[in-house]
Structures are given as C-alpha cells and as structure tokens.
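As a plain string of letters, each chain reads:
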Amino acid sequence: MARQAKAERQPARYWDPYLAGAILGLVLFATFAVTGHGLGASGGMARLIAAAEGQLAPDHVQRNPELATAVGGAGHPLDHWLVWMLVGVFIGGLVSGLLAGRFRLTTFHGPQITPRSRWALALIGGTLVGFGARMARGCTSGQALSGGAVLSVGSFVFMLSVFAGGYLLAYLFRRVWN
Amino acid sequence: MDTLLPLNIAQLIGPVGEIIAIIALGFGFGFVLERAGFGDSRKLAAQFYFHDMTVFKVMFTAIIVAMVLVFLLCALQVMDYERIWVNPTYLWPGLVGGLIFGAGFIIGGYCPGTALVSAATLKLDGLFFLGGVLLGLFAFGELVPKIWQWFLGAGALGRYSLAQWLGVDPGYVALGIVVIAVGCFVLVEYVERMMASRKEVR
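From first to last, the protein sequence lines stand for chains A and B.
Just so we're aligned: the first sequence equals residues 1 to 178 in my numbering.
Just so we're aligned: the second sequence equals residues 1 to 202 in my numbering.
Calculated directly from the structure, the hints in this document are not laboratory data.
For each residue, glycine too, the CB sits at the ideal point set by N, CA and C.
Honestly, I wouldn't trust all of these hints.
[Claimed, not checked] Not the full set, but computed from the structure, chain A residues with beta-carbon under 7 Å of chain B:
1) R13
2) A33
3) I124
4) M135
Work out the full structure, taking the sequences as your base and the hints as a guide.
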C-alpha cells in the first residue's frame with residue numbers, strides 16, 4: 001500500500017505498532033497511577049456540549065437529568081479532568097504532527113470517492129459514534145482501552161461490539177475506503 | 001496502611017498541579033496516537049479490510065502493558081485496585097452502543113480521540129467527524145432521557161471485573177489475556193502478509 005507522500009517533503013515514518021502500543025500502555029498506566037482513572041475523549045466532548053446548552057438554555061438543562069449530571073458538580077462545568085485531557089490530546093497531536101511534517105490541510109479519503117462525499121460520510125459516521133459513545137458511557141479511549149486494562153466486563157463487551165459493528169458493515173462500505 | 005498508588009494528586013500538588021498533570025498525560029496520549037498513524041482515517045479503516053492491523057496491535061499492546069503493570073503493582077501492594085476506577089458494567093447499553101459506535105467507525109473512519117488528533121493536524125475529514133460526534137452527543141442527550149431512560153440501566157452489574165466473573169485471581173486473568181493477545185499478534189501478522197501477497201498477484 002503506497003502511502004502517497006509528496007516528494008518534496010517526506011513526513012516522518014509512523015512508529016512501529018507494538019512500540020507505539022507499549023508507549024501508549026505506559027501513558028495509560030501513568031494516568032491510572034497518578035489520577036486513579038484512565039484516559040478519555042468522548043466524556044470531555046459531552047461536557048462541552050452540555051456546557052454550551054447550559055449557556056444557551058439553562059432551564060432546559062436543569063430539567064434534563066442526563067444533561068444536569070454532565071454539567072453538575074462544583075465550579076464551572078468545563079473545569080473537569082475530562083475537558084483538560086482533551087486540551088492535552090489536542091496539543092499532543094498538534095505537536096507530533098508539526099514535528100513529523102504532517103501538519104497539512106488535506107482530506108483523507110478512499111481513491112473512489114471525492115473529498116466532498118468523504119466529509120458527508122465523516123459527519124454521519126461521527127454522529128453515530130457520538131451517539132453510541134454516550135449510550136455505552138465511553139468510547140475507545142475511556143471505555144475500551146481504559147476499562148479493558150483494569151478488566152471491566154462491560155468494557156470488553158463494548159470492545160467486541162465495536163469490532164463486530166465495524167466488520168459487519170465493512171463489506172457494504174468497501175468502496176468508501178478501497 | 002494506604003498504598004502509594006494511585007496518588008492523591010490534588011492533595012499532593014494542588015488543583016492547578018492536577019490540571020497540569022492531566023494535560024501532560026493527555027499530551028502523551030495525543031502524541032502517541034499521531035505517531036501511531038491514527039490521525040489518518042484510511043489507516044484506521046484498513047483495520048476492517050485486514051490490510052493493516054495497526055489499530056488492533058496498538059490497542060492490545062497498550063491494554064496488556066497497562067494491565068500487567070496495574071496488577072503487578074497491586075500484587076506487590078504498591079497500588080490499590082479498589083481505589084482504581086473500573087468502568088461499571090451495563091451490558092445492553094454497552095452492546096448496542098458498541099454496535100452503533102462500530103458502524104460509525106467504518107462509515108466515518110475515526111473515533112473521538114483519533115478525530116481530535118486528526119483535526120489538530122488540519123485534516124478536514126477529522127474535523128467533520130468531530131462535528132458529527134458533537135452532534136451525536138447532543139442528539140443523545142436530548143432524545144434518550146425522554147424515550148429510553150429505562151434502557152440505559154439494562155443489564156447493570158456495577159463494578160464487575162473479568163476476574164469476578166470467572167471467579168479466579170486477577171493475575172491469572174491478566175496472564176490469560178497476555179497469552180491470547182500474543183496468539184492474536186502472530187495471527188494478524190500472518191493475515192497482513194497474506195493480504196499483501198494477494199494484492200501483488202492482482
């Protein structure tokens with residue numbers, strides 16, 4: 001699979017998957033050791049949404065138990081570790097991309113579809129992922145990776161279910177990617 | 001006596017120190033995701049066509065490394081498993097939510113964390129995906145409490161680990177998972193080579 005890189009500026013190679021996995025495992029372990037909980041991504045995004053709704057329609061949020069818990073607690077709804085972690089993930093990805101020469105405006109898409117249809121599919125897929133993550137109380141980071149490492153039964157159920165969902169639909173969407 | 005780990009971070013270095021520590025850990029997370037190639041939706045989706053099993057390799061290596069360290073330190077009584085957050089189990093929402101999530105993954109090409117890294121490196125598909133995630137989170141928050149509140153608690157088992165389920169010491173479960181993971185690594189290396197040679201023939 002040729003990774004088409006522009007000849008003028010070759011980006012850095014990706015790390016070996018097992019090395020990247022081992023380092024990710026150390027980061028995950030360090031997070032448990034320092035904070036008592038794992039990593040997370042969708043939880044912070046849920047707080048962003050709930051906080052925005054709280055600004056626009058405070059009464060509405062108070063009447064909705066799902067949203068009220070998301071903005072609940074002392075202090076500002078965005079002053080929560082899940083939100084601070086998002087800040088770190090964003091900066092970490094940005095710095096790595098800059099150093100590797102991969103900070104470049106582009107759209108990744110399969111050879112048979114246009115960037116425009118790729119954007120539409122990304123939006124639809126993202127919506128399903130956001131919906132599913134909220135239902136499952138976590139995503140690949142907070143639920144599968146973090147819960148899996150501490151042997152939560154529910155996290156393994158979620159993990160298997162995610163892979164099942166992806167593989168079941170892979171054939172249907174093969175033209176999107178191949 | 002209290003174990004050393006997990007640290008009581010807020011008490012040790014204060015609330016601002018805690019925020020800085022969490023941003024630093026998040027930084028490490030985002031950095032590794034980018035270096036593993038997870039800012040590229042094509043690489044993530046290739047997992048589902050068996051061309052490139054990087055997602056599986058990275059994820060399972062990370063799980064076994066963190067898991068072995070956690071349970072080793074717990075066995076040495078340096079860490080207290082009871083003070084570690086174990087995601088509570090809700091079987092049905094986890095199962096159905098996972099299937100919806102998996103469908104979104106193959107259609108959209110990312111998950112929330114990888115989309116954030118992708119958008120941070122100016123990938124527009126990552127940005128659109130991220131917009132979708134926010135939309136999905138919003139839709140769930142608005143719809144579900146009204147319609148499916150009962151479903152969210154379906155199959156609730158609380159804090160429930162594989163070790164409790166199997167009725168054995170967590171050390172054995174961890175060992176078993178390492179053995180299974182190594183077996184799977186051998187298998188996916190073989191599958192990748194097979195797919196690569198098939199492509200050459202074509």
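Going through the hints against the structure:
no.	hint	verdict
1	R13	violated (9 Å)
2	A33	holds (5 Å)
3	I124	holds (6 Å)
4	M135	holds (3 Å)
Taken one by one, the earlier hints fail for this structure only at number 1.
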